[in-house]
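**Student:** In case you want the letters, here they are:
Number of protein chains: 2
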Amino acid sequence: MKTYEVCVVGIGAVGAEIVRLLKRRKFPLKRLIILARAERREVIDGEPYTVRPAAPDAFEGMDFAFFAGTEGAKGASKTLGWEAVKRGCVVIDNGDDFRMDPRVPLVVPEINPEALRQHRGFIANPNCSTIIAMMVLAPLHRVAAIRRFVACTYQAVSGTGSAAIRELEQQVRAWAAGRPMTVEAYPRPIAFNVIPKIGSPVEDEPGWTTEEVKMRRETRKILGDPSIRVSATTARVPVFNGHSEALHVEFARPMSARRAREILLAAPGVTVADDLANNVFPVPIDASGQDKVLVGRIREDPGVEHGLALFVAGDNVWKGAAQNAIQIAEKLIAGA
Amino acid sequence: MKTYEVCVVGIGAVGAEIVRLLKRRKFPLKRLIILARAERREVIDGEPYTVRPAAPDAFEGMDFAFFAGTEGAKGASKTLGWEAVKRGCVVIDNGDDFRMDPRVPLVVPEINPEALRQHRGFIANPNCSTIIAMMVLAPLHRVAAIRRFVACTYQAVSGTGSAAIRELEQQVRAWAAGRPMTVEAYPRPIAFNVIPKIGSPVEDEPGWTTEEVKMRRETRKILGDPSIRVSATTARVPVFNGHSEALHVEFARPMSARRAREILLAAPGVTVADDLANNVFPVPIDASGQDKVLVGRIREDPGVEHGLALFVAGDNVWKGAAQNAIQIAEKLIAGA
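Chains as they are written, first to last, in this note's numbering: chain F, 1 to 336; chain G, 1001 to 1336.
Worth flagging that the hints you see were computed from the coordinates, not collected in a lab.
Glycine included, every Cβ here is placed at the ideal spot set by N, Cα and C.
Be aware that a few hints might be false.
To be verified - Covered by chain G, according to a simulated footprint, are these stretches of chain F (three or more residues, beta-carbon under 8 Å): (1) 111-119; (2) 144-152; (3) 222-232; (4) 275-285; (5) 291-301; (6) 305-316.
Turn these sequences into a full structure, and let the hints guide you.
**Tutor:** Take a look at the structure:
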């Protein structure tokens, strides 16, 4: 079997998970190195890794470079991405700098693997909330054509990175001990709270955040349909890992709950958890550490013609980031 | 000043708060008694109260009876409500047994006080999430006519009652101490989780929960417009107190964000918290212990004609229940 030289750029929450999942998924590794701002030693699951400074030459001889796109590595793909491509390395970027770049395919392997054809060595991983929504919406879209959806998200702190995970943990421990909470990762405490702002304000769309606008732009690019209307409210909740989303969808053609359930039962990477009477529905603690996206609460929505409502939960660090990035590389190896 | 004989039926999370708010709001009390299933002593804010068994005769001579409608008092208004009315007492019921009864006005005093005219002694308090949404939607509806809205809720455990508050507290403490969590109040742990089921399945609307259907039915009754379409997903989040809601609204006529902000700045019982760039937006920890409902994230939604999106947070035990009930009595006293 052919094996590959792989590097991971940035070693925050997503970077560490890429390293873990490469092993877990038995990715055909010849060598795995980590690149970051400064040289140091890093231990992941008891295994020591050498972290080398991220510089253009570091990509010589590499087959794949995963840019984790969070924390210390923010912006690394901007300065180093095309340098890596120049050296014959395929870049898979989890960050948001190139997702809307027309040279760069934006790929969820189960949904639009055809976008990988004739790639130029640089592939973008969509936003975590977008990937999780796409996993259930794309199979339905193919059958009944989505005209619009409203997405309200319940996003976990792991999406912000490891400092935010520690902050929720610290805040809850402080609360339990009767000590004051430290507030740094978010503008307000996240423990026992909901923060309806993810990302930053978008200049040309007053009132909207980058996270909300990404959902619309990326959906259109992934589904190849610029007419789909997307209205999102993205909010952070005190959950460690696993993003949830309430989706209210309007189709061009009829889509019964029964038909939607059939389609989703057959959809790759999706698990249907939908038995309300018996308390079966998607929850983030079940989605966390799962490679599939959970969908439930599937019901016809009489509020709009051909309406359907559903609730999804997915591991934002796995399928929403690290896993999807690795799946892209796997697809390329398999000759998509 | 005329004073009134008042009783509170049921002394869970809402009942206790009715007692507290009657004092806080300086309600003109002649006497305040508590009725519940069994006789006992109850201490609220250091003050002892005699709890008498709830029976028809207990309402003799009473001017107002607040049925708290939670926990031990569930269903009390069904067996005792009209008995109290027969004895000349005005019943204000926080439960959901009579909200859709055509004999019973469903009232948010800032929104539809006219519904109190010619009441028959029995008035219903709407559902907490409905009240909080109505506080901001009704003033906008009057100007531009709502055709449809999608509401996705982020509801606090206090809405379930005191046992659920204790359960979130216990689960978080267990987590901090590395002990297993007890799961009783909800079908799944609520700590660090999201539970997308509130209430129970509705028989004639497959897939929908009672909480979701209430929002549509009660909205139509309060606004007196049976054509309004409402699509709700209601979910519980690990927040102690304060319900939040993402609202995506479609109006019949234009409604700019600027105009909406002006209207809401002038709306009674509403505080506008809307400055995204400076991290000003509604959060439940700010809404808790506030008699006003917070609204922010006000933005035009190009996903639909005359669309507007907003985010609200309100104290579900206060404005969502106890406070609204007391305001109804105050309105009646003032001669609505």
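**Student:** Which hints, by number, does the structure contradict?
**Tutor:** Failing hint: just 1.
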